Structures are given as structure tokens and as C-alpha cells.
Amino acid sequence: MDIFTLSMWVLTIAFSIYSFYKDKDKTKNALKNALKMGKSMALSIFSIIFLIGLVLAFIPAQSIASFIESQNPFVATIGSAFIGAITLIPAFIAFPLVGTLVNASINIVAAVAFLTTLTMVGIVTFPLEKKEFGLKFAISRNVLSFIFAILISLLMGVLL
Amino acid sequence: MIKKIKNNLFTVIIILAYITLLIFNKPLAITSLKNSGYYIKEMLIIMPIIFVLTALLDTWINKETIMKFLGKESKIKGSLLAFVLGSVSAGPIYAAFPICVMLHKKGASIKNIVIILSTWAVVKVPMLINEVKFLGFHFMIIRWVLTLIAIFVFASIMNSFIKDEDLLVDEAYYDGKVNINIRACIGCGICKAKYPELFEIDGKKAHIKDIEDKDIDNAKLQNAIKNCPVKAIKE
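Note that the protein sequences, when read in sequence, are chains Z and S. The opening residue of the first sequence carries number 2 in our numbering; numbering runs sequentially from there. The opening residue of the second sequence carries number -5 in our numbering; numbering runs sequentially from there.
Since the hints were derived computationally from the structure, they do not count as laboratory data. Treat the numbers as computed from the prediction; the structure is a model and nothing was measured. Hints may be right or wrong, so weigh each one.
What the hints assert, rightly or not - Reference listing, derived: stretches of chain S covered by chain Z, where coverage requires no fewer than 3 residues with Cβ under 8 Å from a Cβ of chain Z:
| id | segment |
| --- | --- |
| 1 | 45 to 53 |
| 2 | 58 to 65 |
| 3 | 72 to 85 |
| 4 | 114 to 128 |
| 5 | 132 to 138 |
Cβ atoms here follow ideal geometry from the backbone N, Cα and C, with glycine treated the same way.
Between the sequences and the hints, there should be enough to build the whole structure, so can you do that?
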């Protein structure tokens, strides 16, 4: 558990104790609502997680690296942006992977496109985002994130 | 049964995919399950407190405060606050969903919601440290600054064409036995007249009061459902 996750636990527990001290009933109600919220999201979250597992089994991290290496720059950039959008790879795997690509100066633009869509665009989390925020919001946020990720990667190519 | 499948189509598809894979390619199915393990741990470490925190903030912070600090009038200060909130929080992007939905219901602007969501996903200090380690400080700082500019720009773009009503989906939060399609509801108050113990009108829309599912009087509920002029009540 990193320090940020830990401080969120501390903050939430402290807040709960303070809340309980101030108003028992309100706190009980809040905890009940938290449970309801959890129940309503649990199924979607588990589905997303098992989908990620499935996607990663079909597109392992190593094959992404060889994809970026082998294609022409344009195809590699768009392609890796799409792969980044549909996968969710933890930072401790993604950064070393991209690091080797960039240090070999293979294709910086494609590598950045992949890194940026990896975090900003979430195709696997889309069903949940749609459920919580509505279709228009979810589509707009993901499409705009995708476009801007490409722009960022192109700019990085110029700046680096 | 059919209704249940329809409501959880996504889950059903995933389960079917796993069953198919187990039959035709067992090793790949096992790899998939193992891959999922990491994400389950990541979720369990953060989601319980996210739900508690969201519910507590919902209880103790009033609408006026949220509107003042994150609402449409909060200008650049609100956006900076949104940025800080998103950056210091931990967890995957979907952990930001319940908090953002709650903040929006209490008057936070679309722009600030998008900023929180995006920075939550992108700006993570442990991740930035990792990036420096493998790609160098120069690389990290340029990508970080460009990403921030991009987030602020597309948050403003979204703010210009997404309306607050677009976010009001069928009570995604409290879907117990009864749901109201907020977008369809015209706030006529007939449901409240038919079953005042269950329905209330707040902000020109009907809401479900917080009562236990087992306490719901089915006859009165059916009567309310039948009489809703826009058929916005769903069981």
C-alpha cells in the first residue's frame, strides 16, 4: 500500500469516527448508503477486472513492445494508442516496457501514445462510466482523451 | 430472469467468454484468471473506503459548499482544487466514479468533474516516480505538463457541450427494488400522491425515500407505477 492509499484509509477512518461522535444516526445512514453504493457497483467492477485479465491474456505486454517496434511510425502510433485504450497495465510493468523502447529510440511518438491512452482512455471501464455518467459524457470524455493523447505524443516527438 | 440478464449483459458476456475459453483453451483461461488477481487486490485495497468516504462527504458537506468551491462560478480556483483532489487520490479511475457522481449531484461543474476524473487517472505521484526511473526526468516532466494542459483544454471543451441533465442517468446509485428514470421524470408528483411513504419530490424530480425493500407495499407501488404519466418508475 503506497502512502496515498494509506492516507486515504487514515482520513476515512478518522472522518468516520468524527462523524459517529457527532451524529450516530446520520453516520449509520451514511454507512448504509456506502454499502448500497458498493452493491450497485460491485458486479460491474468485477466484470471489468475479469475483462482486463482476458484482454491481457490475449495481448501480453511483450507483444505490445514488438508491435511498436515492427510497424511503420504512423500505424504504430495509432495502433499503440488503441492498445493503450483497451488495456489497463500497472505502471510498474508499463514504464520499464516503454523505457526500453524509448531508450533504443525506436518510436517515441508511438510509445508516448501508448502510455497516455493507457491511463486516460478506458474502453474496459466504459460500461461502468456510461452507467454512472450517461452515454454522452462517457463517449465524449474517452474520445477527447484519445485525440489529445495523440496530440501529446506528436508534440513529444517534436520536443524530445 | 430475462430482465436480469438484460440488465447485466456485460457480466453475462464476460462469464460466457470465460466458459468458452475454459472449454477450448484452458491455459489461456487460467492466465486470464491469474491476470485478474492483481486488479482484484488493487480494487479491494481502495474501493471499501471510497464508498464510505463518498457517503460521509455526501452526508456532511452541503450543496452550497460544493457549489462554491467546485461549481460553475468557482472559475480557476475550482479547477485548481479539482486538479489537487484528483492528484492526491489513490486508486484506479473507476474509484473516482462514485465520488464524482456525488459531487456533480451537489453542484460541481462538468468541467471540474472531468478534471478530477482525468487527473485521478493520470497524475499519480508513485507513477511519476516510476516514469522518472525508467524514462528520465526530462521525459516525465514534458509529458506531465502537456497532459495537464490537455486535461484543462478538453475539460473546457466538454463543459461547453455536455449539459448537467446528460449526467442524470437512472438512479445508478441507489438501485434497490425501485428505480426512477430521472431524465424521463417530469416531477408531476402523482407518485408521491399515490405512495407518499416511498416517493418524494426534490428539485422538481421524484426520488425514492430511504426505506428497506421489505417494507415496500407492493400494491401501492404498482398503483404508482401504473399512474406515472411518463412511465419513469421501474421495478
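These are the hints, each one checked on the structure:
Here's how the segment 45 to 53 of chain S fares: 8 of its residues keep a CB closer than 8 Å to some CB of chain Z, so the rule of at least three is met and the hint holds. Counting residues of the segment 58 to 65 of chain S whose beta carbon lies closer than 8 Å to any beta carbon of chain Z gives 0, which falls below the threshold of three, so the coverage claim is violated. As drawn, the segment 72 to 85 of chain S meets chain Z at 4 residues by the rule of a beta-carbon pair under 8 Å; at three or more, the given contact holds. Counting residues of the segment 114 to 128 of chain S whose CB lies closer than 8 Å to any CB of chain Z gives 10, so the stated coverage by that chain holds, three being the minimum.
Restraint check on the segment 132 to 138 of chain S versus chain Z: 4 residues with Cβ-Cβ distances below 8 Å, three needed, restraint holds.
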